[in-house]
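Visitor: Top to bottom, those sequences are chains C and E. Quick note: the first sequence uses numbering that gives the first Met the number 0, first residue 0, plus one each step. Quick note: the second sequence uses numbering that gives the first Met the number 0, first residue 0, plus one each step.
Treat the hints as calculated values from the structure; they're not laboratory data. Model, not experiment: these values are computed from the prediction. Don't take every hint at face value.
Unchecked claim - In silico DSSO-like links for lysine-lysine, alpha-carbon gap of 27 Å or less: (1) C/K116 with C/K91; (2) E/K7 with C/K91; (3) C/K116 with E/K13; (4) C/K41 with E/K41; (5) E/K40 with C/K41.
Stated by the list, open to error - Here are some, though not all, of the chain C residues that point toward chain E, as calculated from beta-carbon distances under 10 Å: (6) G58; (7) D88; (8) F108; (9) P112; (10) S114; (11) A119; (12) R122; (13) M123.
A virtual CB, placed ideally from N, CA and C, is assigned to each residue, including glycine.
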Amino acid sequence: MVRKIEMQPVHRRDVLKFAGAGAVAGLTLTLLPGLAKADVAKTAAAIKKVTSGKTPKSGKITLELPQIAENGNTVPIGISVESAMTDSDYVKAVHIFAEKNPNPEVAVFRFTPGSGKASASTRMRMAKTQNIIAVAELSDGAVYMSKTEVKVTIGGCGG
Amino acid sequence: MAVKARVKAPKKAKAGEIFQVKTLISHKMESGQRKNKKTGKKIPRMIINKFVCSYNGNEVFSSDWAPAVSANPYLSFYIKAVKSGSLDMSWTDDAGKVVKKSAKITVT
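Could you put together the complete structure from these sequences and hints?
Guide: Here you go:
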């Protein structure tokens, strides 16, 4: 039965149905219906806060993410931003957002010229298949944005 | 829960070289979204929300974390070697508890 779930895109409703049948109860009982619902507007608001009204440019950011994440509990993510990282020209921060998580914010990486390289990686939770967005703030005030879709087989917000 | 922090950084580097630092800390990163199965009550959020790395007293890298960071957070980043000294990492959780770990580096 579990195999069957993996073969096709899993929707929250289906998962809950299965949970009711006791199939994957341990995993899904902890998921809160409703909280993880698509909230793209919330993400847009969170991004606006970071960009403070500026229109983000595209480019410069490289996002390293798997195309398909089997386990939404721990999805590796790596970011790097092209920059000379000198005292006058460096990347101040990179914000990571997950569009359809209960809360869009994931992490903020804050760099300094002493970082040498605007690159970092970590592991994140993803509730379901969604876009991951990275917003980079540069020292000259410019803002860049990049987006990647990751397919999630089993969501990871219930832990 | 015993908190175990691990830091992997080179012991030696050349001046100007950019080296990678990898860190791992054990923490359950309770997201605040889960419910206690028996009582139906929400388990309160308890995560590490801040990581800071200082190099000889200067903050060179930091990171703010939300509940979407996985349990037992892994983090890697880069530092430019300037001179010999110490790399001091600290992790702060929602309760204000701070875990520290340092690494020595010799710059030639």
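Visitor: Now look at each hint and say whether the structure bears it out.
Guide: Results for each hint:
Distance check on the hinted pair: C/K116 and C/K91 sit about 11 Å apart at the alpha-carbon level, within 27 Å; holds. Annotation: proposed proximity of E/K7 to C/K91 holds, straight-line Cα distance about 24 Å (limit 27 Å). A hinted pair counts as satisfied when its Cα atoms are at most 27 Å apart, and C/K116 with E/K13 qualifies at roughly 16 Å. With a CA separation close to 22 Å, the supplied pair C/K41 and E/K41 stays within the 27 Å bound.
Using a Cα cut-off of 27 Å, the hinted pair E/K40 and C/K41 holds, with the two alpha carbons roughly 25 Å apart. Annotation: C/G58 was flagged as interfacial toward chain E, and the flag is violated, the nearest CB pair being 21 Å apart, outside 10 Å. This hint is violated: C/D88 has a C-beta 14 Å from the nearest C-beta of chain E, more than the 10 Å allowed. Hint status for C/F108 relative to chain E: holds, with the closest Cβ pair at about 5 Å, below 10 Å.
Taking 10 Å as the C-beta cut-off, the interface hint given for C/P112 holds, the closest approach to chain E being about 8 Å. Annotation: interface hint on C/S114 holds; nearest CB of chain E at approximately 5 Å, less than 10 Å. Below 10 Å, beta-carbon pairs count as interface contacts, and C/A119 has one with chain E at about 4 Å; its hint therefore holds. With a least beta-carbon distance of about 4 Å to chain E, the hint placing C/R122 at the interface is held under the 10 Å criterion.
Of the supplied interface hints, the one on C/M123 holds, with its beta-carbon coming within about 5 Å of a beta-carbon of chain E, less than 10 Å.
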